[in-house]
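Enquirer: Mind docking chain B on chain A? Use the hints.
Just so you know, the sequences run in chain order A and B. Using our numbering, read the first sequence as starting at 4 and increasing by one per residue. Using our numbering, read the second sequence as starting at 25 and increasing by one per residue.
To be clear, the hints were calculated from the coordinates, so they are not data collected in a lab. Honestly, I wouldn't trust all of these hints.
A partial selection of chain A residues facing chain B, derived with a Cβ cut-off under 10 Å [to be verified]:
1) 10
2) 11
3) 14
4) 21
5) 22
6) 34
7) 63
8) 64
9) 91
10) 152
11) 214
12) 217
Yeah, the Cβ is synthetic: ideal placement off N, Cα and C, and Gly gets one too.
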Amino acid sequence: MSYKIFSLDETALTIDFGGAVSFAVNDRICALAEFIAQNPFRGLREIVPAFNSLTIFYDVREVRRAFPKFETAFAAVKNHVEQCVTEIADFGADKPKRLVEIPVCYDAEFAPDLNFVAAHNNIVPEEVIKIHTSRAYRVFMLGFLPGFPYLGEIDERIGAPRKAEPRLNVPQGSVGIAGRQTGIYSLASPGGWQIIGKTPLTLFTPEAESPTLLQIGDTVQFYRINKSSFDELASNQSEIE
Amino acid sequence: MSILFLTNSVLTTLQDTGRNDFRHLGINPNGAMDKSAARLINILLGNSETEGVLEMHFPAPKILFEQDAVIALGGAHFDAKIGDGAIENWQIVRVKKGDVLSFERKRFGSRLYLAIRGGFRAEKWLGSFSTNLKAQIGGFDGRALRKNDRIFFESEVQTPKLKARYRISNALIPNYSYSPTIRVVSGAEWQDLTAESRESFLRQSFAIRTESDRMGFRLRGELLNLCGKIELVSSAVNFGTIQLLPDGELIILMADHQTIGGYPRIAHIVGADLSLVAQLGANDKLNFELISLAEAEDLMIKFEKELDWLRVGCRLKNNAEN
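If we strip away everything but chain A, and leave its shape as in the complex, we get (with noise of 0.2 Å):
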């Protein structure tokens, strides 16, 4: 698998497999991102997974000052990476992963955009959410808001645009699709995704030890539920918070 490694700016750089987002690449920076946190270079600060990157911000002076023999901190970096990434082949690539389900209520007062994605793919509301349950996507990412995660990839039959006019405020819980990707606004915010229905669990939870209820690589499967089991899952959600 190829890769760039590039700085992104004096205290991070990026290691990017490129390419189409796959499985695979997804696999990969889940392997890296543990196995350098596993295998910590002095100096490491924090590791950001990303589609098909993975970004690694450093103190730049305790770097040098570990890796004199380098002349900047960043290529003392890069070669950490460069080590890491030929002794992770086959690391963590039969790992299992997490299966979180989901329920969605693809009902018309939490779907405003169900319509336009029918009307966008010339099929009716009803087959749109059933493919949308049809499958389980990947947490490729988790990023725009705390617990944001990007899912994906939904089947072409349902893919959609991203509204040319963001709304100010999208609900939290909402489930949106953009271009062939899924993914649920864990909190209440601006946005542009076409909006097909929404989740009564809570994907954000500051206090929590483990705030959000999804991690990158993850497995995850909507299924759907009517407006009484959203009402009922709703209450049950805000007495554990």
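Expert: Showing chain B alone in chain A's frame:
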């Protein structure tokens, strides 16, 4: 053991040097926009440099001290006063119970920091005092401070008689300007700009647009062009990343930036100059100067060493005072 906010203000939040280690969950660092200012005044007071500070914009709040305290201000210059007495930035100030700190006029800069010896009492979220306004958590109840809010001090602090007023030497204070030249290192897509656009980026003055906030500063200037269309897959970005928007304008990501981004990364502002950008306001101008990564690393190391010296110096003085 507290201060009381007597008035409302534009945006006063509790911040620190940022919340690190959680970007992989989509939780951005937040923190002070002008981190050098926050660090310098904390060090001056003998605090940990990661202690919480108040970040204030103009109009800033009137603040009543309900207890004696030792404070320091840094960053922007808002004509701070206690009673009729002017309070200078970058120096230790002893405040008496009943004193009211007010800010009369915006003289320079956009963000003024207030630190207090011993720190403010606040609950850390994920290891940081910084306020995440979007998630409404961290800092003071996850929100900006308002009239009648009260922040307690972390500890009752001995306020010794100051034998001499001492202040941070000018050499350490960021070299603020209304039209600074900001040093950058090239970004991953720098070479994807046309030669004319690269030249234009380094030649022209950009103005800060009014649509600028703690998330990002939009720049107004000649539009820049890429050699061809490029589709990027989103990856991590940082405070100081300069991205090219689809309309050809630039945005500088600031302290409340998202963790990831998908626009072309033209350049990144070096850590040493982020403070200069943080003090800019609408219509202020800036120029960019490209330096090598090695130079940027050296600048950072030089600044950190200077802070070490300041730390040692302040420790000696604080011990002598106590």
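Enquirer: A separate judgement is required for each hint: does it hold in the structure or not?
Expert: These are the hints, each one checked on the structure:
Of the supplied interface hints, the one on residue 10 of chain A holds, with its beta-carbon coming within about 5 Å of a beta-carbon of chain B, less than 10 Å. The beta carbon of residue 11 of chain A comes within 6 Å of a beta carbon in chain B, closer than 10 Å, and the hint placing it at the interface holds. Interface restraint check: residue 14 of chain A against chain B, minimum CB-CB distance 7 Å, threshold 10 Å, status holds. At its closest, the beta carbon of residue 21 of chain A sits 8 Å from a beta carbon of chain B; the interface hint therefore holds under the 10 Å criterion.
The criterion of a C-beta within 10 Å of any C-beta in chain B is met by residue 22 of chain A, whose closest approach is roughly 9 Å, and the hint holds. Contact between residue 34 of chain A and chain B, as hinted, is not supported at the beta carbon level, the nearest pair being about 14 Å apart and thus beyond 10 Å. Annotation: interface hint on residue 63 of chain A holds; nearest CB of chain B at approximately 5 Å, less than 10 Å. The interface hint given for residue 64 of chain A holds, since its Cβ lies 5 Å from the closest Cβ of chain B, which is under the 10 Å cut-off.
The interface hint given for residue 91 of chain A is violated, since its Cβ lies 17 Å from the closest Cβ of chain B, which is over the 10 Å cut-off. Interface restraint check for residue 152 of chain A: the shortest CB-CB distance to chain B comes to about 9 Å, inside 10 Å, so the restraint holds. The restraint placing residue 214 of chain A at the interface with chain B holds, with a minimum CB-CB distance near 6 Å, inside the 10 Å limit. Annotation: interface hint on residue 217 of chain A holds; nearest CB of chain B at approximately 9 Å, less than 10 Å.
In the structure shown, a violation is registered for the earlier hints numbered 6 and 9, in ascending order.
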